[in-house]
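Residue numbers (this note's numbering), protein chains in the order written: chain H, -8 to 159; chain S, 1498 to 1812.
No wet-lab data here; the hints were simulated from the structure.
This structure is a prediction, so every number in the text was calculated from the model and none was measured.
Where is the CB? At the ideal position from N, CA and C, for every residue including glycine.
Hints may contain errors.
Claimed, not checked - Only part of the chain H face toward chain S is listed, based on derived beta-carbon distances under 10 angstroms: (1) CYS1; (2) ASP55; (3) GLY58; (4) GLN67; (5) PHE70; (6) THR129.
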Amino acid sequence: MNLPDPEALCRELARKLRAGVTESTGLVGIRTGGAWLAERLHRELGLATPLGTLDISFYRDDFDAAGLHHQVKPSQIPFDVNGRHIVLVDDVLYTGRTVRAAMNELFDYGRPGKVELAALVDRGERQLPITAQYVGATLAVPAGRLLRLVRDERGGFSLSLSDAKPAA
Amino acid sequence: MRNPQLSADGSLQHLLTIEGLPREVLTRILDTAASFIGVTEREVKKVPLLRGKSIFNLFFEPSTRTRTTFEIAAKRLSADVINLNITLSSQSKGETLLDTVDNLSAMHADMFVVRHSSSGAPHLIASHVASHVHVINAGDGRHAHPTQGLLDIYTIRHYKNDFSGLSVAIVGDVMHSRVARSLIHALTTLGTPDVRIVGPRTLLPTGVEQLGVSVHHDMRAGLAGCDVVVMLRLQNERMKGPLLPSAQEYFKSYGLTAQKLALAKPDAIVMHPGPMNRGVEIDSSVADGPHSVILPQVTFGIAVRMAVMSILAGN
Chain H
-8 MNLPDPEALC RELARKLRAG VTESTGLVGI RTGGAWLAER LHRELGLATP
42 LGTLDISFYR DDFDAAGLHH QVKPSQIPFD VNGRHIVLVD DVLYTGRTVR
92 AAMNELFDYG RPGKVELAAL VDRGERQLPI TAQYVGATLA VPAGRLLRLV
142 RDERGGFSLS LSDAKPAA
Chain S
1498 MRNPQLSADG SLQHLLTIEG LPREVLTRIL DTAASFIGVT EREVKKVPLL
1548 RGKSIFNLFF EPSTRTRTTF EIAAKRLSAD VINLNITLSS QSKGETLLDT
1598 VDNLSAMHAD MFVVRHSSSG APHLIASHVA SHVHVINAGD GRHAHPTQGL
1648 LDIYTIRHYK NDFSGLSVAI VGDVMHSRVA RSLIHALTTL GTPDVRIVGP
1698 RTLLPTGVEQ LGVSVHHDMR AGLAGCDVVV MLRLQNERMK GPLLPSAQEY
1748 FKSYGLTAQK LALAKPDAIV MHPGPMNRGV EIDSSVADGP HSVILPQVTF
1798 GIAVRMAVMS ILAGN
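Assemble the whole structure, with the sequences as input and the hints as a guide.
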């Protein structure tokens, strides 16, 4: 299938976010694709608040079935979450389980004022009542296929579609 | 023979000893522990990973620090923790070790953390329990204390970044020390080029060179130019026993003073598994001095135990 150009989607997402964020908005990327995307968006939007990153391995709902992820990285929220406007950033929005886990983790840092969600691609098929406020594009992807963002060594983005078991 | 701690596909089922564990298993535990450090600095110092799991701390031998840090680690993973001080309960009524374990398994234990004065007791329990139950050795006899060895290498990696150029001196009663044994295996597995053990002949096991370490009886030569000094506890019964003249004499030859520490590298770190005997194996000025990382070891120990518990529970 034809995949959209993630660079163009990223510009589109930045344009939509610009209208919704302020100086003090905290951008939080979900590792790994979402963290790359958030890094790019943070630079383009010129936000004053430092960038946050979440690794949701300790919050996944499939721990009993899948065990602990093999490469857990530390989460870093270098600002006070309490009362702040937070935008969670992920590359692909699918079942919504990753976002739920990220929200659970975020609340262990404090009580945000408002939490929104930005995703490069929304592929539908939600299993939880979660929606994104900022979306680069919506795209129907056959179930059982894994769509994810890839970053090359020069920092350029591409989308990859594979047959691997999709992450929940 | 297959390593009894590993399943057929190489995943860690129990943590009984560091000996024979592949480097990747050790590195994964250290990396996972690094992610848990951040959790303990947050407003909510817990993650929901082991919610609904029951972890039994089976301590057949007294311990404060190890039991407490295992308990904190389990609680920060949201597990339910049950502490059993067995010396005071069923064993004094004559129940066997495996009967105790069977009874606790019937209470739906998911994990046992075991300390026992007999080497091999955790191994016996691991080979007895159902396949979904995991066992962590929290110190068995003179054999092994793997989570202490892991927190030691976590501490060394934290301050020295990697092991490839390091000289590590382990000083004291290596013969009776499960801490030293676990640390030596961990260091050699991670490729530390220079591991030295330092102590009087009566407290060093014979043939220890086969583990890939060098042996020094002169502490000054043993400390010369090293990056890490690990002091071992001199157990009280050794101070009066036939192996040493006296605690004072021991301190003179093998106690770590600022003067002796000056022979190590200027940025050397000093470690001790605790509890310390000030004025016996270590001088207070060193224990509380700028080179000492003895208290950070304790803090790192919680994250390391969280890592071991969560990796085991997920396998």
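Let me make sure I understand: some of the numbered hints might not hold for this structure. Which ones are they, in numerical order?
When the structure is compared with the hints, numbers 1, 5, 6 turn out to be violated.
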